[in-house]
Amino acid sequence: MVDIRSDASQAIPPAEVEDAELYHPKSWWTKYVFSQDAKIIAIQYSMTATAIGMVALVLSWLMRLQLGFPGTFDFIDADHYYQFITMHGMIMVIYLLTALFLGGFGNYLIPLMVGARDMVFPYANMLSYWLYLLAVLVLAAGFFAPGGPTGAGWTLYPPQAILSGTPGGKDWGILLMLFSLILFIIGFTMGGLNYVVTVLQGRARGMTLMRMPLTIWGIFTATIMALLAFPALFVAAVMMLFDRLLGTSFFMPAIVEMGEQLQQGGGSPILFQHLFWFFGHPEVYIVALPAFGIVSDLISTHARKNIFGYRMMVWAIVIIGALSFIVWAHHMYVSGMNPKFGFFFATTTLIIAVPTAIKVYNWVLTLWRGDIHLSLPMLFALAFIVTFVNGGLTGLFLGNVVVDVPLSDTMFVVAHFHMVMGVAPILVIFGAIYHWYPKVTGRMLNEAMGQIHFWVTFLGAYLIFFPMHYLGLLGIPRRYHELGETAFIPESAHTLNAFISVMALTVGAAQILFLFNLVWSLKKGREAGGNPWRATTLEWQTPQTPPAHGNWGKELPVVYRWAYDYSVPGAAEDFIPQNQPGLGRPTREAAS
Amino acid sequence: MAQSVPTHTGETDERPHGLRGVVADFSSDQRAFKNVSWGKAMMWIFLLSDTFIFGCFLLAYMTARMSTPVPWPNPSEVFALTIGGQEIPLILIAIMTFILISSSGTMAMAVNFGYRRDRRTTAALMLLTAVLGASFVGMQAFEWSKLIAEGVRPWENPWGAAQFGSSFFMITGFHGTHVSFGVLFLLIIARKVWRGDFDTERRGFFTSRKGNYEIVEIMGLYWHFVDLVWVFIFAFFYLW
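So the sequence lines, in the order shown, correspond to chains F and C. Last residue of the first sequence? That's 592 in my numbering, and every number before it is there in order. Last residue of the second sequence? That's 240 in my numbering, and every number before it is there in order.
If you're looking for bench data, these hints aren't it; they were derived computationally from the structure. Be aware that a few hints might be false.
Restricting the straight-line Cα-Cα distance to at most 30 angstroms, the calculated cross-link-like pairs of lysine-lysine (DSBU-like) are [claimed, not checked]:
no., chain 1, residue 1, chain 2, residue 2
1, C, K210, F, K31
2, F, K524, F, K31
3, F, K554, F, K31
4, C, K34, C, K210
5, C, K210, F, K26
6, F, K554, C, K210
7, C, K192, F, K31
8, C, K40, F, K554
9, C, K192, C, K210
10, F, K26, F, K523
11, F, K554, F, K26
12, C, K192, F, K26
13, C, K40, C, K192
14, F, K554, C, K34
15, C, K40, C, K210
16, F, K31, F, K523
17, C, K34, C, K192
18, C, K40, F, K31
Build the full structure now, drawing on both the sequences and the hints.
Below, the structure is given as structure tokens:
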């Protein structure tokens with residue numbers, strides 16, 4: 001094959017920066033609680049995100065109970081239902097997915113995969129976690145505040161979000177939500193700057209940007225996007241706080257509330273929608289890009305084959321990231337806009353499908369004639385591909401103005417975004433946990449429990465969200481507490497709703513099994529050794545497992561090749577680690 | 001074109017220039033921005049993020065101003081001061097702008113003296129910058145209290161659109177907060193410089209890392225940024 005060079009050796013430039021100074025903790029508190037080690041911070045982030053994510057999971061059960069069996073559960077009245085919807089959405093999107101991908105996987109994997117001792121500013125990194133924890137606590141405090149959490153929907157559209165008709169609108173709910181978001185953004189910025197600078201300026205010798213594993217490319221691009229998108233949410237949150245607390249009218253048009261003309265007027269609710277979605281759409285890809293990156297590495301490792309079209313994959317990630325900043329108004333077709341803008345945003349939205357499709361083709365081509373091991377990470381990766389294609393296709397429906405307008409605010413939308421940015425990324429998270437758990441703990445997760453978890457989650461998610469497309473096409477609206485005896489809704493739709501609810505509870509139960517597996521395997525899991533998957537990337541080449549403080553022992557690793565030297569003809573084994581010197585050894589890395 | 005900018009690392013510069021240099025740097029290992037320290041890179045990226053915050057604030061203000069059905073108060077009348085019986089439009093804001101821009105000059109000098117390791121002059125210039133910044137904030141407080149005395153509130157004002165007061169307090173307040181934090185950090189770093197922390201390689205209280213004179217330049221980046229943002233606020237809020 002022409003792309004195999006017989007000699008991977010290149011002159012490795014000398015170290016440009018002296019080895020990083022690390023803070024060496026002296027007490028238990030500074031080692032495990034107020035830790036400046038990115039690996040501990042990653043675990044803290046992940047555990048906090050999982051804990052609050054469980055709350056969101058339970059909220060989804062409560063919503064499904066109400067939708068599937070209306071009238072059976074008295075305590076779920078309309079107000080509670082809206083509060084559950086709001087908190088479920090906000091927690092899942094921001095406090096679980098964003099925090100877990102960037103704060104969790106980002107912190108753990110970036111320093112290890114680029115060959116650094118730690119993040120460049122460990123102290124700021126630590127502050128990032130504690131601000132995140134504070135944000136989560138403030139958010140959760142909403143459940144105990146007078147009036148309960150906000151019920152404005154996760155998009156928090158004004159004016160309803162701050163009016164008395166909405167739960168928490170005139171109570172603590174909306175305030176706590178906005179404060180929590182502001183804290184999250186400040187905390188995230190501290191962490192995010194760390195991730196970006198570590199990737200740009202803190203890599204090992206020989207680790208060029210085009211040798212980085214795609215996981216790092218995904219997390220890196222997503223972090224840059226987050227640093228540019230969260231400001232819009234920050235501004236929107238500050239302005240809404242002023243509207244609510246000071247009586248300003250940024251987002252408040254002239255309005256009559258409970259028969260009384262409000263003092264406020266002249267503001268623009270559409271302005272909020274623009275700010276929110278300028279954050280909100282990139283947010284979708286902030287969640288998706290790390291998933292794209294991770295899944296590429298899972299597929300390559302477990303199919304024992306180099307990723308197909310590495311450069312194309314990198315550029316696709318970058319292009320998706322850039323395009324996602326000019327599509328936001330496709331969430332606002334029904335808000336009313338100039339048809340020319342609708343045309344523009346529909347076009348940009350559909351153009352995103354091109355780099356995305358490139359990625360899907362490349363994943364499939366990586367699998368093609370690979371030595372596919374159906375390990376748990378691989379199963380989840382395969383499940384991701386089909387789920388993502390599914391959710392992506394309905395995205396093409398919703399990206400077109402004329403198709404979107406009748407489907408807007410129906411169950412079809414719920415089904416679409418749950419498939420594409422709910423189930424798909426979470427499948428990658430599961431796969432990634434099964435993949436990297438051995439590195440974090442030194443033990444494998446239990447395979448049998450993992451298989452049950454996988455099949456129930458994967459098939460269950462389809463049984464939940466596939467029927468929802470149909471319900472949406474029937475015209476069943478979302479965010480309705482109760483459908484009642486509406487003429488156009490056939491009896492079978494109610495039966496289907498009950499079925500979906502049963503499935504939702506089943507899938508939820510599987511997640512509890514997964515959490516149990518995480519704890520059980522900590523002590524009882526099979527010993528993993530340093531590199532159980534026989535993977536090439538640097539994090540598997542650490543001297544200790546789990547990696548010690550400072551990651552690499554005395555000497556920093558030196559990188560001689562790209563991250564995908566699997567099954568290279570002429571090599572002794574079917575993988576060649578990135579830090580293996582290339583003298584006379586072949587590589588598949590494209591000649592640069 | 002040889003570069004003679006003093007840097008603390010003292011690295012020689014033998015890389016290709018222009019676009020080729022950019023490509024070479026980005027395809028190299030270890031660092032994408034050669035000669036740029038971690039701290040400086042972090043500050044630049046933070047400023048990029050902060051630009052988006054101020055950008056959103058200003059765009060939101062412009063949207064509010066354009067979409068409100070009520071007339072917007074005339075800034076040159078609202079921000080006029082009566083001095084000696086003469087009403088002078090925008091005089092206070094002109095002085096404030098002059099002071100803030102001057103403080104950028106003293107900051108730049110502090111950076112230069114920092115790299116010469118002249119710690120007393122550096123500290124003095126940083127202190128001067130902080131004093132100028134503090135007087136800017138002080139004059140802003142004066143401006144706020146004058147407007148409040150005239151009946152401007154975030155939710156209403158005597159002359160027209162309510163969004164005038166809301167945007168004014170929000171944007172100048174957010175900028176003033178940036179200046180105040182800048183003053184605080186200027187004082188902290190000036191103290192470190194004065195004490196000679198960067199000559200004795202004393203370790204930081206929180207981070208336990210050694211600092212060096214580059215922190216003066218990083219501080220300067222922030223300060224110039226805050227200054228630059230003010231130019232935009234000045235143009236879009238007071239001159240429009």
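Exercise. Which of the listed hints are broken here?
Worked result: none
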